[in-house]
Structures are given as structure tokens and as C-alpha cells.
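Q: Sequence:
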Amino acid sequence: MITTDFVPGSPSWLDLGSPDTAAAARFYGAVFGWDFQPHGPETGGYGIFRLDGKTVAGMGPLTEEGARSAWMIYFRTADADATAASVQRAGGAVRVPPMGPGEGEGRMAQFTDPQGGQFAVFQPGTYTGLETADRAGALSWTELYTTDAAAAKQFYGTVFGWATEDVPLPGGGGTYSLITPAGQGKERMQGGLMELPAEHLALNDGRPYWHPVFGTEDCDATVAKVTEGGGTIQMGPETAQGVGRLAVCLDPAGADFVVLQPEEGSLG
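Quick note on numbering: the UniProt record's numbering labels position 63 of the sequence shown as 63, and the sequence is numbered without any gaps.
Honestly, the hints are just simulated from the structure, not real lab data.
Note that this is a predicted model, so its numbers are computed, not measured.
Beta carbons are placed, not taken as given, at the ideal position from N, Cα and C, and that holds for glycine.
Hints are supplied without guarantee of correctness; some may be wrong.
What the hints assert, rightly or not - Here are the in silico distance ranges between beta carbons for each label pair: (1) 82 - 186: 22 to 30 Å; (2) 105 - 263: 19 to 27 Å; (3) 264 - 67: 32 to 40 Å; (4) 150 - 126: 26 to 34 Å; (5) 150 - 205: 17 to 25 Å; (6) 148 - 172: 16 to 24 Å; (7) 238 - 105: 39 to 47 Å; (8) 166 - 39: 26 to 34 Å; (9) 105 - 67: 19 to 27 Å; (10) 79 - 166: 38 to 46 Å; (11) 53 - 171: 16 to 24 Å; (12) 241 - 53: 32 to 40 Å.
Produce the complete structure using the sequences and hints provided.
A: See below:
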């Protein structure tokens, strides 16, 4: 369960890099009911998605040459500089060194894990992060597809102290590793990672990648909105026993995300 009572290593922010922010705002508005509020030209086109008046994500134009449109997940840290040093000691790389988005608002940094998966951290200031989660239309889970699960667990365990629990996938489909923040109970489980061969990661040219999972009250209805809005479906909708009904989606620019209707009942 992802909450806004953030602890170190828990997801506290996410944003979308898009080649056409106006088109992306229309798409996600139609799919999830989000409103996009630009912050103005001084932020380079960056803005905030809100759902029922509460912040659910950010979005800005792609600024890195050759980068694909994708969601970036930020994990909470008390010290972005210390985390950057830990990432490098553990074999990762610093893509964007620690910096502040605004006076006193907090600090962020972006990294690449040793297998090539990109992720980020956010050190709170006056701004703490997401204002709602674990509900329809909001972040409910995070997921890493990686080429080396053992190495990923070691790396992220070193950097964040995450605990992982391996569970078998149905039908002999391999192993899924559940992620819980350091020192927290299973009720704070926040995501998972799964090993896949590079040829199954063509979306990112064979490199690992993180993506968000957004809650929905009706997976099939949300999938219909995705395709009506010009997005595509990579997998599903299908029902996973013990999890719920889900689909892997791409927005019109190719950014991937998952929608999940939990098995246990409706989201808040």
C-alpha cells in the first residue's frame, strides 16, 4: 500500500516526460480525470496533475536528447547528496545531481542503476510530494522490469534498505519480488520487481525500466478510454489471481503504465 505518510525509500513523487505536454494533458485527463496546471514559463513548461484538487503527478517536456517518453518514479530520501554517494558506491550512476526545484521546496536527483534502470529521489522541504495515493486514478504500486533481479535487489537494498519477498508467478512464469521500505510491515509494501530477458524489454531498447501502476474502479472501462485517446495496450486486460484485473498500457507518445482494479474491492 502506497500512502502519503512517506518514509525513507517509499515512492513520494512521479512525473512524466512528454514530447507534447498539451496532448498528454488531454489524454490523462480523459483516462483518469486529471486536471493539468502548468507552473508557467519560468519552470520550462513543468506543471502538476491534480485529481479532485489533490496532486497526483507532475509533467514536463522531454529535455534529454534521444530520451523516450516515460514516467519517472521518485523515492523519498532524507539526504539527496548522501543517496547520490550511496548510488555511486553501489555501482550506479548519477544522471542529474542533487538540485532544488525551488527555494526551500525540496531537492531531487536522478540516477541509473547498474543494469540501466532509471529512477529518482526526492528530499522534502516545504513541499512533501504526492497528496493522494492508493485510490482510483492515483499511484497504487511501482514496478521494475530488470534483466538481473538478484543484482537489482542487492543494489536497491544497499541504497534504500528495501526488504524483498519472492513469490512464484502463476503458471511457472518465474518469480516476482515484493518490495517493502526499510523497517516497515507488509502493509506498507509498495512495489515489485521482476526479471525479464532483454528481448522482452524492447520498449526501452533491452534496458530495465520502472513504471507506475494506477488504480482504477473498472479496468476494462479505463482500457477503453486509453485506446479511445490514442493509446495502446501491451497486455491485458487480464485477471491475476490474488491481485486483481490489470492491463499494461502505453500513452500516445509511448510512455508505459499499468492500470489495476484490485481484487479485494474498490479503491478509495
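Q: When the hints from earlier in the document are held up against this structure, which numbers fail?
A: Hint check: 2, 4, 8, 10 and 11 fail, others pass.
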